[in-house]
Each structure stands twice: as C-alpha cells, then as structure tokens.
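Here the protein sequences come in this chain order: A and B.
Under numbering that gives the first Met the number 0, the first residue of the first sequence carries the number 0, and numbering increases by one thereafter.
Under numbering that gives the first Met the number 0, the first residue of the second sequence carries the number 0, and numbering increases by one thereafter.
No lab work stands behind these hints, which were simulated from the structure alone.
Backbone N, C-alpha and C define an ideal beta-carbon position, used for all residues, glycine too.
Don't take every hint at face value.
Within a straight-line C-alpha distance of at most 25 Å, the following computed PhoX-like cross-link-like pairs (lysine-lysine) qualify [stated by the list, open to error]:
1. A:Lys199 to A:Lys35
2. A:Lys326 to A:Lys170
3. A:Lys138 to B:Lys75
4. A:Lys108 to B:Lys502
5. A:Lys128 to B:Lys92
Per the computed footprint, the stretches of chain A lying under chain B, defined by three or more beta-carbons under 8 Å from a beta-carbon of chain B, are [said to hold, decoys possible]:
6. 70 to 79
7. 89 to 98
8. 138 to 150
9. 213 to 225
10. 244 to 253
11. 270 to 283
Label-pair restraints from in silico Cβ distances [stated by the list, open to error]:
12. B:Tyr591 to A:Val258: 54 to 64 Å
13. A:Leu315 to B:Glu443: 53 to 63 Å
14. A:Thr293 to B:Gln259: 53 to 63 Å
15. B:Lys131 to A:Ser125: 26 to 36 Å
16. A:Glu191 to B:His185: 51 to 61 Å
17. A:Thr293 to B:Ile252: 30 to 40 Å
18. A:Asp176 to B:Asp127: 19 to 29 Å
19. B:Glu272 to A:Tyr133: 47 to 57 Å
20. B:Ile55 to A:Gln100: 43 to 53 Å
21. A:Tyr133 to B:Leu506: 52 to 62 Å
22. A:Gln155 to B:Asp80: 27 to 37 Å
23. B:Leu162 to A:Gln155: 18 to 28 Å
24. B:Asn178 to A:Ala50: 37 to 47 Å
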Amino acid sequence: MILPVSNLTKTEQIPFNSQNPREEKPSPYDKDTLLKNNFSNRMRIGIDKFAKAFTIYPARGMKGSTNSNFYEYLTMGSNVPSIIGSIILITIFNSYKNYAQSDKIGAAKIGNKMALGVIFYSLFKSLSKSLITYPVKMKTGIDTEIPYAKVNYQLQEKPGDYDLTSIEYHKIGESVDFTRWDLLYGDVNKNESPNFRYDKIAKKNGLGENLTDSDQEVKPIYKEVLVKSALAKSFASYMWAATGVALAFQDCWQDYFNVATLKIWKPREFFHSIKIFARSFVKSISSLYKGPETAASKFSKYSGKALIGVTILSTLAGMFNAMHITKKPSKITAKDVMNKNKESVVN
Amino acid sequence: MNLIQSYKPETTYRPPIKSPHKPDGNFDVNQELLNHTFIRPLPAHGKLVKNGLFEIPSEFIKDVRYDYRALKHSIKGEANDHELGRLNDMGMKLGGLAIATYLFSRKSTPLTKIMEFVGLTSFFAAMDLWPKIALQLPAYLIHGFNIRQKYTDNYGRKKMVYLDHQFIPWDLYSDKEINKIGDRLHVPKDIPNRREFIQEKMRKIALQNNTMWMLTAGFATPIMSALICNALENPIRKIQDSRLNKKANNLLINFNEETQKINFKDNVNQLDEILTQNKGQTITPELFNRICKNMTQNLDPAIAQYFEADLKNLIPNIRNYNIRQETINHVHTKLMEHFSQSELPENVINEIIPDVQTLTQMLREKNGLSDNAQDVSEYSKYVQNFISERINKYIQENPNSITGKKLLFHFKKFIHSQSYAQSSGLNAAFKHKSAAVLTEPLTEEIKNISKVLNTFKAQVKVLDKYAFIKAAEAPETIHANIWNLDLCNDLLKVFNFTPEEIKRSRLEPEIAGKILREKMEDIVSDDTKYTKFLDTMNHKLSKMYNKMESIDLSATNNTNTYINCTNTSYDTAAESLRKLRMPQTADIIAGYQGTGAGEAGKFCVKYSQLGFMENSNTALKSSMYRLFNTMSVFRKISKLPQTGSDILDYQDGKPILRQVKEEMIEAIKELLISGHASDYANKLYVLRSLDVNPEDIVKDFNLKTPEEKERIMKELTEQIETQKGKVINKYLGTKNPAEMKELSNDYNFFKRIMKYIYEERIDEQTEEKCKNSVFWKDFTEYRKDALDVLGGDFNFAKPGFVVNNVVESTSERRFIRTGSALDEMFYKLTKQEFNNKYWLKKFGRFGIGLIAVTVIAQFFTGRMPKIHQQEGK
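Build the full structure now, drawing on both the sequences and the hints.
Right, dumping it as structure tokens:
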C-alpha cells in the first residue's frame, strides 16, 4: 500500500478545521486480525456496525466518496432499512391516536400484535441461526461465524486526509469463493503451529492426526460446510421468523399487552410485565400448536402445527445436510492403487 | 479470468493460431495456454440486460432456472457466493409465504384471507418498485442513464452494474454509449479523458443513489406496501363479490349435485353398526338415545325434539317392560343394595328380603311373568305386600327393637317416589328391561327414515350455505358488499360532508344527526341540489333493487330459486317422513298437514329458512328507503308554505294552530333522523307547550269580538314559514322547557306525524323523477308496511294509540321495517371515513414527501469537485 506523501511533517501540518491532526486515534489493529467468536466480540462488532451504518457510511455514500465501499453498503443494507422499516411498520399499525375511543381498542389489539410480530420476526430470524451454527460446530469443529477485523486503507480524497485506515468486521467464511484461509493459519511468532486450526478440524472429521498438509485436506470440507450452513440458515431463519410472527398473533398476548411496561424505574410493574410476558410466550406456543378451539376448518386448526413442523423440519434438514460432509479426501493411498506384486505395463 | 501469469509448459508444439475475435464454442484452456502469440485476458462475454417488456418472461424463466441450479449446488455444498445470495432472497420469500399462509388460515372471511397474500406481494413489490420509481426513473430522466442497470457476467450471473461502485464493469458500455450519457450529463465535449470523467460522474451518481436507496427503503417499503393494499382492497372486494355471487348461484343452479356432494357417510356407517350390533336385542334407553342422537345429528334442535317423540311412537312396545328372570334378579339386587346401605344387621335383611327363587315363584304365581308388561305397578305391589308382611311380622316379634322401625322407614323410602312423576325405587327396578326389541323390520324402517333425514340435512346445508353467502349479517356477504360498495360508498359525498364535519360527526350519533339534518335541509331547499340528489339516489336504489332481486335467482333464469328449493326440500322431506310414520317431525319441518302456507303453516322450520332471507333483504332495503323517504319528507316540509298539507293543516275541517304544526314538524324530523323501532312504542315522547287552545295563547280571547277572534285565529293558524329548508319557528323554542309537557292524550298528534311521514303523497318532484324506476313500487310498499307495522302496533306511541288498525306483527318485523337510524348510519360512515382518511392523509403525505425529497436530491447528485471540473475544462 502506497500512502500519500506529504512534504510537511505531522507537526508542521496546517490545520484547516477544528480537529487537531495530532490527536489521531490509534488504530486497534495494524493488520487483518482473527477475532474470537465470543459474545463480547459479537456485541462490539454489532454496535460498531450499527453506529456506523447510521452515521459515517451514509454520509460517505451521499458524498459519493471513492472510499465508500461495498462493505459499507452492505452494512447499511443489513441495518438501516430493517430497523427503520420495523419502526415504520409498528408506527403504521399503531396509528390510531386520533380514532374514537371505541375504535382505538380494536385497533390497539391488532396494532400491538403487529408490533410484537415485527420484533419477533427480527429476533427469531437472528437467534435461529445459532440452531445451525452451534450443532454444526460441535459436529464438524467448523465455526462458520468466526469474525475478523480487516484493516482497510483508503484513498486520499483531500490533501489533509492522513488518517486513511478504516476497520471493517467480516467473517472468515463470509465468502465461499474468497474465504480468508490465510487468517486461519497459526502465528509462528506466538509459538502456534501454522496448521493448528486445520489440524483440529481434520481430527474432528476423522481425517487423522499429524497430517502434513491438513489445511489442504480441510479446505474443501470447510467450504462445503460453509455453503450448506448458509443454505440452511437462509431457509430455516426465515421459517423461524415466520413462526415468531405466528406466535405474536396468538390471542393470549392480550394478557401481556394489558400490563406491558418498559418503565424500569418502576421495578414492581416492570418485573410483573416480564413475568406475564414469559407466561404469554409459553401460552402462545401451546396456542399456536393446538390451533383455535373453534376452528372453522382443518386447515385453520392444523396450520400452526404445520408451521412449527415445517420450521423444525427445515432446521433439522439444513443442519444434518451441513453436518453430512461429502468432500472428504479419499483415504486410498498410492500404495493401495498400485499393487507392486502385480505385473503392470507402462506405455 | 486472467491467464497471463499461468504456468506455461515448455513445448515445441505450436498449434494453429486462432482469431481471438471469434470465440470458439469448444474452448480448451490448455490449447489456449500453448498459444504463445495470444496469451491475453479472455474476451469478456458479459452483457447488459435489456429491460424491455418482452424480455421479462424470458428473464423470469432464466432466473427460476438459475435459482433451481443454485439450490442444487448448495445442497451439495458447491454453490458460489452469488448463488447463495439468490437463495437467501428465496428463503425470505418462502418465509413471507409461510406468514401469509398462516395468517390466511386464521382469517375467517375471503377478502381478509386474500389480503394476507396481497400484503405479502405488495411488500415485495414495494421493495422492488420503490427504487425504480423514486430513484431509477428520476435519475434516468435527469441524468440519462439507468443507475440500476443489470448485466450478466461470463458465467451467466445476473448482477447490477453499479452495485459496487469500486468495481464497475465499464467495458460493457461502448464509447458511443458513454459519450451519449456524457452529453446528457452536460459534460463538455472537448475535454481530455472525457470517458473517464463521465464514468466518474456516473459512479458518483450511482453510489449516491444506492446510499439513498438504503436510507429511504425502510421508510418507503412499509408505507408503499400499505398504500398498495389500501388501494387494492376495494377492487379485490368487487372481484371477490362477483366470485362469491357466482359461487352461491351455482349452489342453487346445481342444487341436486351440490346436495349429493354432502354425504353423512360416517353418520350412516355408525348407525349401521349400532343397528347390526344390537339386532334382536332389547332397546334399552341407552340404545334408544344412541340411535336418536345419531339420526338427529346436524338437525335443527326443534326438529330433533319432535323426531325423538316420533321415534318413540314408532318402536313397538317401547313403553312396555320385560318381566322375566333378568328383571327379577335386578329387582333383588336393587333391594339388597338399598337395605345394605341402611346399616341394618345382615341377618335381619336376609330374613326380610326374599331370595330370587322366592320372588320368582311368588310373581309367577300371582301375576305371571310377561315379555310385554304395560304396567309394572301390579308386580311391584305384590313384592311390596310380601316384604311389608315380613316387616310387620318382625315388628310384632320384636316390639321393642328399633330395627323394625328402621326396616319400615327404609322400606317406605324404597316404595315411594322421591318427587312427582318419578318412579319409586321398586318400580324403577321393575322397569329395568324394555319390552321393545330391535327387530329386522324396525331396523329397515329406521334406515329408511335416516336416508330421508340425511337427504334433507344435505339440502338444508346447501340452502344455509347459500343464505349465508348472500344475506348473513356478517362481513363480506353479498348483502354487506351491496351496502358497502354500492350504497354507502359515496353517501358522504352525496350529502356534501366536509372533512371538518366528518371529524365532528364520528364522535357520536347525536352530533352526526345534527350535521346530517343541516345537510338535508340545505339540499332540499335548493332545486339543483335536490335534483342531483334524486338522480344519485334513483340510480342507487334501482341498483339496490336489482341486486336484491337477483339474490333470489329469478325464475326466468332458473327454476331453482331459493324459495323453490326450500319449499321442495322441506315439503318432500315432510311428505316422506309422514309416510314413514313420523307425523310430528313432518309437521315441524313443513307445517301442519293441510295448513299450507297460512298463518298456522308459519310455525315450522321451513318458515324460518324462508324468513331468514326475506327479513335480511327487507332490513337492508328499509334502511335505504328510510333515507330516501326522509329526504322526500324534508323536501315537502321546505315547500309546505307553498303547497300546504291536509294532514298537517287541518283537523276535522278546522285549521291546526301554527304552534302545533311547528311541534309536529320538529317531531317528524327528529323521528326520521334518530328514531329506533322501540321509539315508536310507548316511548314516543314529545315535549309540548301546554297552551293548546287560542284561549290559552291570547289573553281574554273569549271577550273579543267575532272579527277580532277571526283575525286572531287567522294569525294563530297561519302556515309555517321556511327558509333554506328550515322551519322558522314562531312558537317552538320560545317557551321555557320546564313549562313544557308530554301531552300523552293527544292521539291525533302522533297519528298525524305518522301519516305525514308514511301516508301523505310523496313530494311531487320526487315522484315525477322516480315513479318509473324499478324500485318505486317496492318503495311505496315499504311506506305502507312501515305505517302498518309501526303505527298498527297496539303500543304505538301510547297503549291504545293506533294510526289505522291494529296490525299483528313482531318486534323483529318492526325492527326490520324501521331500518337503520340515520344519525347512527352517518356516525358509522363518518367514523370509517375519518379513520381511513386519517391514515391515508398521514402516510400518504409522508410517502409523497419522501418521493419529493429523493427526486429533488437527484439534482444534487453527481457533482464533481472543482479540481475535476477545472481538469475537465
């Protein structure tokens, strides 16, 4: 990376804005760095992406900056429309402030369910991915969600632009075509074996131990798991989201809506509402499964069961497909192919 | 794919050189690598996707194929990033479909069910349409190029050209195309590196639009989706209405086929099983109940009740008993059970209660055992006497023992019934086994009855289905749709309600009534407005009449009308059942034999079946006729000073005081606007002035000269005055309400009110305009019937006040004829309108604002920094 050349030293730079160029924030990473897939990292990355998706990235995109890249576009795409959309959806269904009192009651019943449906949609969609990730990780040793920090060097747009690094958070297996295999190698400076991560996966999948090139053996497996997990998550997560919406539409939630409060400074009411929420949640599962008592048709009676069934089935099918590895290298060695005792003719 | 750095094997072989401009269908990488002369990037095969209408179907098929392949690849774990991205979209759509399907299953009416899928489709449509309408189109019009241009790459993957502005495949655009866009972007023609400058400008515009898309999609998609749903609701309702109507009509057109579709197979099999299993067996109460329950399933409860009685009569000896060994054993067991609960010594009980042999012997000797005993009391008496004697003997032998008294007490308990019409314990024990037996002929008879009943039940089911679709008081029935789509859809416009008036009227019926009255008075006072109103209502009422007529398929189109089908089904069933010795059931189904359709014939279920539809039709028509009649009466009142009225102006040939006329007119208007059926009976209060005679009004009236009296009387009985449809009251409202009273003995006051509303000739202009319309006759009948049932009720106004003659009717009939109170009707209409408009106004404005912002923002996109511009110049 060739950085812009300045004939002024940092102390001689003439500031044209109030920001003191000497107060540069140190970059947390000096090169692309593999991160641990733990709760704190996930939270940190989520918050970072969320905050930037609403601030820096749109500002850069609206300016038409050459440094606005596809990562920023995708980060905006996965945060801004869904969050604003959810808020707007909730607002649309709850716009009954000026209705007559009698209408408000009816509208509130539907509005509350819709709002809960929107929230459950996002929650179920997001949480359900773990139903694929963790079992697959346990079975194959492949964590499809390992994050890494990418140090991105930007182009200088103005003469005063010297802070030209930006950190992006990606996942190792984000792309199945360009998986960051390089980051999975161990750091010899830290006394890590170069292939120690690949070794673990190889061992877990029965490829053997002390392999000379475990990385080459594991990569096809890794890719297969990535593809199959992505497929499973694509279908199962949306089915779980649908189940979430269906749960929110059960009548038993009215008990919760009657006492719902977010006033945490009133602990008694707040915790009571949490208790009722939990109770309503359990009831909603039972209600979705059993169907309405006075169902007009069999379709109406069993649609909840069918939805739950399809959701669980799609999750299990996706999960088992992801666990079922077909790209294992053949265990047949050269000596098995060539029978030295047999006569052979070489042309 | 760049092959420059690829490994180049050493060889002396030189394959023939091929022109790079002519791509070979049988491309071979190795052969290309061996070609020393032409090692270069492979020619790109990407191309821009045409967006013509004709390409859409082929593009769609290509997409489906691609998705299918992507799915296959990813199941095998071989998919690429692009394919996985497409599958994620597919997952999202399937999830959406799952939500819509579940919600569809939970909705009860066809429209709400369909709207779930409309909602889903509109959401995805909005996601797709928003960037096209708010970004792509304005950008194209302003900048001259498609910012959402798609292309297919070498591998046939469809992508957006400007998705990633750092990797735009510019080579897909020729110089000519780029220059043309540059001209539209007003890029000077003579600058160096013009193409690069234009590309940079295009890149910037595309990036800015992509960012705007991300920022606005969250606002736009839900709002646009909701607006699409809102706009589509009524057209879908109309389509749905026509579909439903056709479906219902087909039920009657193919009445026999539809009936045959409904079989009670399970029911029939169950009955067969019961009858086969119990063939030749005694018909116990349990067995009788099982048979009866099976046969009356899905039957009207009233019919079921009479059916049970008929079935009992049908079974021979069902009320007689079998007094044989089994019954005697049972009697003995019951006796032992009863006395063993009494805590008496066992030996005493055994001494008193005869054993089975003794009982059998005694009964055989006394009365003889029977298979078909009509009365069990004789048997019971013998046993009673026998035990009684033993107890007496025991008491005599043990006079001081309490056991004897206890024995007597418990025995009396067993031989006396606990309550009226209930058998004593002993009698009940003798009634253990019925004398009725399920014989072969009886089985056949029951099966025949069941067959008739099942056919009848199927027919009723089809008729009920038809009646529900057409006229049930439920959402989305044909009636509801006529009311919502044809009759009330523009009533607020017809009466010129302003948004402010709508806002106030929706609060409560009283406010709506007051505003409506003002509106009505305004329209009737203006010839042009009233003519326009008449035109609208004439059209509406004619349409309503025609639609209501078609609810019962007219005989000219098909003979299977609802009335015919109902009559045939009920009468046939009744006739068959009568032949099968089920007279009471036949009577309750189709009326007493011989009474026909007369009054007595109405006490049957057939009448309810017919009445349901008739009442529903009448109720709907009455509401609209009431509105029309009210306007006509208001019009007459506004013209009263010119035309006069026999009913309001004179009583027994004498002129009525203006004061009374003013009170009557006020009552007429109030009653028409807010009167309910119950208001016409007993409650019809009108607070009036106590001064009802000239002597009360004018001081020393009797002392005046005849000339003066005549002048005063002329003044007091003058005609009312009206202005802009309102009555200018001279007397009404001048008195303190505390001094006013209900003059409940003024029979004529109420009578005249009713006659003026329903009997006096309708306004001339109205009649002229509508007398040839299809509904006119029906409307005049409505007026007559309303006067009869409301004014002919014994309790009309006050007990004993009847307008003409007492007419027998029911509260339901009066309710149906009164129709909807106008203030309530308009209260509901304004409420609905306000809620819809409020929502539309709020989000429609927001949507328009959002589009405006995105369009205006287009003018600020693609601005190049000065340094570039200078370079360009």
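A quick look at each hint next to the structure:
| no. | hint | verdict |
| --- | --- | --- |
| 1 | A:Lys199 to A:Lys35 | holds, 16 Å |
| 2 | A:Lys326 to A:Lys170 | holds, 22 Å |
| 3 | A:Lys138 to B:Lys75 | holds, 18 Å |
| 4 | A:Lys108 to B:Lys502 | holds, 23 Å |
| 5 | A:Lys128 to B:Lys92 | holds, 17 Å |
| 6 | 70 to 79 | holds (count 4) |
| 7 | 89 to 98 | holds (count 5) |
| 8 | 138 to 150 | violated (count 0) |
| 9 | 213 to 225 | holds (count 3) |
| 10 | 244 to 253 | holds (count 3) |
| 11 | 270 to 283 | violated (count 0) |
| 12 | B:Tyr591 to A:Val258: 54 to 64 Å | holds, 60 Å |
| 13 | A:Leu315 to B:Glu443: 53 to 63 Å | holds, 56 Å |
| 14 | A:Thr293 to B:Gln259: 53 to 63 Å | violated, 28 Å |
| 15 | B:Lys131 to A:Ser125: 26 to 36 Å | holds, 29 Å |
| 16 | A:Glu191 to B:His185: 51 to 61 Å | holds, 59 Å |
| 17 | A:Thr293 to B:Ile252: 30 to 40 Å | holds, 32 Å |
| 18 | A:Asp176 to B:Asp127: 19 to 29 Å | holds, 26 Å |
| 19 | B:Glu272 to A:Tyr133: 47 to 57 Å | holds, 54 Å |
| 20 | B:Ile55 to A:Gln100: 43 to 53 Å | holds, 49 Å |
| 21 | A:Tyr133 to B:Leu506: 52 to 62 Å | holds, 57 Å |
| 22 | A:Gln155 to B:Asp80: 27 to 37 Å | holds, 31 Å |
| 23 | B:Leu162 to A:Gln155: 18 to 28 Å | holds, 25 Å |
| 24 | B:Asn178 to A:Ala50: 37 to 47 Å | holds, 43 Å |
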